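Taking the hints into account, I'd like the entire structure generated from these sequences.
Using this note's numbering, the letters of the sequence shown correspond one by one to residues 1 to 191.
These aren't lab readings, by the way, just hints derived from the structure by calculation.
Values in this document were obtained by computation on a predicted structure and should not be read as measured data.
Check the hints yourself; a few may be wrong.
[Claimed, not checked] Using 30 angstroms as the maximum straight-line C-alpha spacing, the simulated DSBU-like pairs for lysine-lysine come out as follows:
{"hint": "1", "residue 1": "Lys125", "residue 2": "Lys189"}
{"hint": "2", "residue 1": "Lys189", "residue 2": "Lys47"}
{"hint": "3", "residue 1": "Lys130", "residue 2": "Lys115"}
[To be verified] Label-pair restraints from in silico Cβ distances:
{"hint": "4", "residue 1": "Gly27", "residue 2": "Glu129", "range": "36 to 44 angstroms"}
{"hint": "5", "residue 1": "Asp159", "residue 2": "Gly27", "range": "33 to 41 angstroms"}
{"hint": "6", "residue 1": "Arg111", "residue 2": "Gly50", "range": "30 to 38 angstroms"}
{"hint": "7", "residue 1": "Leu51", "residue 2": "Asn137", "range": "31 to 39 angstroms"}
{"hint": "8", "residue 1": "His87", "residue 2": "Pro52", "range": "17 to 25 angstroms"}
{"hint": "9", "residue 1": "Phe78", "residue 2": "Val154", "range": "15 to 23 angstroms"}
{"hint": "10", "residue 1": "Thr110", "residue 2": "Pro60", "range": "17 to 25 angstroms"}
{"hint": "11", "residue 1": "Tyr148", "residue 2": "Arg79", "range": "32 to 40 angstroms"}
{"hint": "12", "residue 1": "Phe78", "residue 2": "Asn123", "range": "15 to 23 angstroms"}
{"hint": "13", "residue 1": "Pro86", "residue 2": "Ala61", "range": "26 to 34 angstroms"}
{"hint": "14", "residue 1": "Leu92", "residue 2": "Lys115", "range": "37 to 45 angstroms"}
{"hint": "15", "residue 1": "Lys156", "residue 2": "Asn123", "range": "20 to 28 angstroms"}
Each residue gets a CB set at the ideal place from its N, CA and C atoms; glycine is no exception.
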Amino acid sequence: MNLVSRLRTAFFKPQPEKAKTVPVSRGEAFLVFSSTGEVIQAERVLKADGLPVRVMGPPPALRTGCDMVLMIPLIHGFRATAALEPHHLAPLQLIPVGEALLEPVSLFQTRDYGKWLMVRAANMKLTVEKATGRIVNVSGGGCPDVPYLAAQLVGKTIDDADLAKTHGQTLCGYALHLAAQELHHQMQKKE
Numbered sequence: 001m002n003l004v005s006r007l008r009t010a011f012f013k014p015q016p017e018k019a020k021t022v023p024v025s026r027g028e029a030f031l032v033f034s035s036t037g038e039v040i041q042a043e044r045v046l047k048a049d050g051l052p053v054r055v056m057g058p059p060p061a062l063r064t065g066c067d068m069v070l071m072i073p074l075i076h077g078f079r080a081t082a083a084l085e086p087h088h089l090a091p092l093q094l095i096p097v098g099e100a101l102l103e104p105v106s107l108f109q110t111r112d113y114g115k116w117l118m119v120r121a122a123n124m125k126l127t128v129e130k131a132t133g134r135i136v137n138v139s140g141g142g143c144p145d146v147p148y149l150a151a152q153l154v155g156k157t158i159d160d161a162d163l164a165k166t167h168g169q170t171l172c173g174y175a176l177h178l179a180a181q182e183l184h185h186q187m188q189k190k191e
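In structure tokens form, the structure reads like this:
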């Protein structure tokens with residue numbers, strides 16, 4: 001490294017990677033819940049009811065301690081809350097998307113490391129060998145079930161990674177499930 005490079009590094013620190021905002025239609029709304037468990041249950045209920053729903057990262061103005069919100073078409077807002085009521089799931093807020101400050105944040109960050117592909121979903125990272133689809137690493141989190149989930153997943157193919165949703169009961173387990181879905185999608189795109 002030459003002198004100019006060292007000086008540039010010393011005075012101009014690299015900027016941390018910003019979370020990508022996701023383009024949304026102004027006809028969409030956020031369903032904000034108090035816990036990750038409620039988001040997971042609500043997603044299942046709404047999908048079973050035939051509603052289009054996406055799990056997203058909340059914009060900073062809507063963070064409640066839960067790192068996820070659901071996005072639904074605004075026109076289905078009342079139908080969604082009615083579908084959730086029998087399951088004792090009530091969103092804290094139903095907020096129409098309409099301001100730049102309320103743009104959702106993508107939960108996924110993908111990195112290609114040549115032979116390996118890594119997806120970060122929320123606070124969890126899942127890495128697979130591209131040639132075989134075999135899971136080679138699980139990292140991140142801080143939830144008590146992460147070591148168990150890592151032991152269950154490493155060495156299996158990405159197609160077998162649904163264990164994260166069926167065995168994980170925390171934000172970390174759910175994030176691993178989402179990372180596995182995104183990796184599966186990314187692997188299919190590359191084929």
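Quick rundown of the hints versus the structure:
The suggested pairing of Lys125 with Lys189 holds, with an alpha-carbon distance near 19 angstroms, which does not exceed 30 angstroms. Restraint check for Lys189 and Lys47: the C-alpha separation of about 24 angstroms stays at or below 30 angstroms, so the hint holds. Between the alpha carbons of Lys130 and Lys115 the distance comes to roughly 6 angstroms, so the proposed pair stays at or under 30 angstroms and holds. Checked against the hint of 36 to 44 angstroms, the C-beta distance between Gly27 and Glu129 comes to roughly 41 angstroms, which is consistent with it.
For the hinted restraint 33 to 41 angstroms between Asp159 and Gly27, the CB-CB distance of approximately 35 angstroms keeps it satisfied. The hint said 30 to 38 angstroms for the Cβ distance between Arg111 and Gly50, and at roughly 35 angstroms that hint holds. For Leu51 paired with Asn137, a C-beta distance near 35 angstroms keeps the hint of 31 to 39 angstroms intact. Taking the beta carbon of each, His87 and Pro52 are about 18 angstroms apart, inside 17 to 25 angstroms as hinted.
Under the hint 15 to 23 angstroms, the C-beta atoms of Phe78 and Val154, about 44 angstroms apart, miss the expected range. Between Thr110 and Pro60 the beta carbons are some 22 angstroms apart, a value that agrees with the proposed interval 17 to 25 angstroms. Distance hint check: the CB atoms of Tyr148 and Arg79 are about 37 angstroms apart, consistent with the given range 32 to 40 angstroms. Evaluation of the 15 to 23 angstroms hint for Phe78 and Asn123 yields a failure: the beta carbon distance comes to about 33 angstroms.
Separation of Pro86 from Ala61 is about 30 angstroms and conforms to the stated range, judged on CB atoms against 26 to 34 angstroms. A C-beta distance of roughly 44 angstroms is found between Leu92 and Lys115, which places it inside the suggested range of 37 to 45 angstroms. Separated by about 21 angstroms at the C-beta atoms, Lys156 and Asn123 satisfy the suggested range of 20 to 28 angstroms.
Checked against the numbered hints given earlier, this structure breaks hints 9 and 12; the rest are met.
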